[in-house]
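Engineer: The residues making up each chain are set out below.
There are 2 protein chains.
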Amino acid sequence: MVRILLCVSYDGTGYCGWQFQKEHRTVEGELNKAIAALTGEEVEVIGASRTDAGVHALCNMAVFDTDSTIPGDRFSYALNTKLPDDIRIVWSREVPSDFHPRHVATEKTYRYHIYTGEFMPPTKRLYAVHESRPLDIEAMRTAAAYLIGEHDFKSFCSADTSAVTTVRNVKNVEITRDSDELTVSVKGNGFLYNMVRIIVGTLLWVGLKVRTPEEVKEILEACDRTKAGPTMPPQGLMLADFKFLE
Amino acid sequence: MVRILLCVSYDGTGYCGWQFQKEHRTVEGELNKAIAALTGEEVEVIGASRTDAGVHALCNMAVFDTDSTIPGDRFSYALNTKLPDDIRIVWSREVPSDFHPRHVATEKTYRYHIYTGEFMPPTKRLYAVHESRPLDIEAMRTAAAYLIGEHDFKSFCSADTSAVTTVRNVKNVEITRDSDELTVSVKGNGFLYNMVRIIVGTLLWVGLKVRTPEEVKEILEACDRTKAGPTMPPQGLMLADFKFLE
Numbered sequence: 002m003v004r005i006l007l008c009v010s011y012d013g014t015g016y017c018g019w020q021f022q023k024e025h026r027t028v029e030g031e032l033n034k035a036i037a038a039l040t041g042e043e044v045e046v047i048g049a050s051r052t053d054a055g056v057h058a059l060c061n062m063a064v065f066d067t068d069s070t071i072p073g074d075r076f077s078y079a080l081n082t083k084l085p086d087d088i089r090i091v092w093s094r095e096v097p098s099d100f101h102p103r104h105v106a107t108e109k110t111y112r113y114h115i116y117t118g119e120f121m122p123p124t125k126r127l128y129a130v131h132e133s134r135p136l137d138i139e140a141m142r143t144a145a146a147y148l149i150g151e152h153d154f155k156s157f158c159s160a161d162t163s164a165v166t167t168v169r170n171v172k173n174v175e176i177t178r179d180s181d182e183l184t185v186s187v188k189g190n191g192f193l194y195n196m197v198r199i200i201v202g203t204l205l206w207v208g209l210k211v212r213t214p215e216e217v218k219e220i221l222e223a224c225d226r227t228k229a230g231p232t233m234p235p236q237g238l239m240l241a242d243f244k245f246l247e
Numbered sequence: 002m003v004r005i006l007l008c009v010s011y012d013g014t015g016y017c018g019w020q021f022q023k024e025h026r027t028v029e030g031e032l033n034k035a036i037a038a039l040t041g042e043e044v045e046v047i048g049a050s051r052t053d054a055g056v057h058a059l060c061n062m063a064v065f066d067t068d069s070t071i072p073g074d075r076f077s078y079a080l081n082t083k084l085p086d087d088i089r090i091v092w093s094r095e096v097p098s099d100f101h102p103r104h105v106a107t108e109k110t111y112r113y114h115i116y117t118g119e120f121m122p123p124t125k126r127l128y129a130v131h132e133s134r135p136l137d138i139e140a141m142r143t144a145a146a147y148l149i150g151e152h153d154f155k156s157f158c159s160a161d162t163s164a165v166t167t168v169r170n171v172k173n174v175e176i177t178r179d180s181d182e183l184t185v186s187v188k189g190n191g192f193l194y195n196m197v198r199i200i201v202g203t204l205l206w207v208g209l210k211v212r213t214p215e216e217v218k219e220i221l222e223a224c225d226r227t228k229a230g231p232t233m234p235p236q237g238l239m240l241a242d243f244k245f246l247e
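Taken in sequence, the protein lines are chains A and B. My numbering applies: residue 2 is where the first sequence begins, and numbers increase by one. My numbering applies: residue 2 is where the second sequence begins, and numbers increase by one.
No false leads were slipped in.
Here are the simulated lysine-lysine pairs, DSSO-like style, with alpha carbons at most 30 Å apart: (1) A:Lys155 <-> A:Lys218; (2) A:Lys125 <-> B:Lys172; (3) A:Lys125 <-> B:Lys125.
Read the hints as simulated data drawn from the structure, not as lab findings. For clarity, every value in this text was computed on a predicted model and none was experimentally measured.
Just need the whole structure built from these sequences, with the hints factored in.
Structural biologist: The structure is reproduced here in structure tokens:
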């Protein structure tokens, strides 16, 4: 029995999220099916980030155990022949049998895409949200700086979390603009439920002058979800990078 | 009665092409429905480029006649509230009542997108095709140069054309690479049925060393569809720019 680690890329549009649901199409469900089709084994992959319905990933991580003799680095090619074209295995490799993708230190980067032109180009609509009102980007950057570092992010966490602690370490929040495309990149060692989407909703408040940058510091300190901005829609969110630190 | 010109952007994924079909979802059909919903008038828009199923557009053109008192430049906003989100009107304006988008001189640019990395990223799969074999880009550029100018493009036209003449003027063929994304841009005053997709299929033959650049000159001169490369799939194609020259 060996444990295989998969780097998984997917278009979340057609999925009810990562986590297996009996009645619905999920990324985990499709992976389990593809592995069964390839190896004949009934498996349940363990995912690193259980992304929500509609959220995309360039690189999420998952492990599974197998008795197959397929070399670890060949699983990517073999599984891609069994998977639907909105899921792709970027690479695969063998890992120690006790390696668990949620029990090791990680660094993840999420990117949130906002289209700021007058109308949303149809071919971008599944991968960004639309905000055509003028945005004060510098104010958003000032506000973002308050979020960097180790803080209790309770204000930026949906109420239905099961997290033991709401303290997280945000390493960077970067706001970049390329013509009409605004990207908010958030890098950290872990994220609470809906945390990036709520951070972006709050930074947009600042961009729209609904709140000042300094009020974001107060929102953070309040540890109260009702103080922060709205949870942004899922299609703008992309799990863009994922590193194991051990 | 006034004639309104629309610049129409769409994601072709969900459509059986531009041209109206009673039983199928088409861009033209959706435009007719949206105009009817807005003005109460039964109209049939006249499109400039009748793109195929799965082909995208940043800017296609269409006209329709109306007795509505909505100012010409406001139709874009009004129609966008009635259209599905995979079609957007970029702008609208009133034109002379005899203006016909297929009977005036135009300059159109099509772009064909090819992803050359090892696997196709799921979020790009609807807007590009995948070619991971090594490509000789310089050879493709040499071949492309033979196509520029006024030629009989019969070799690059699907047999079921209704065109009176197969002579067209290609103003430019440009091949650009940005990391793993290869784009073939073809600019011209008009295009035969499937012409860009067959040009790209033939240039890919050259990139893969199935044909030499010089053989593309011979293919052009042969005026024989069976000599040219395959018709590439529709999803890589985008009508990217459209200018009326009069």
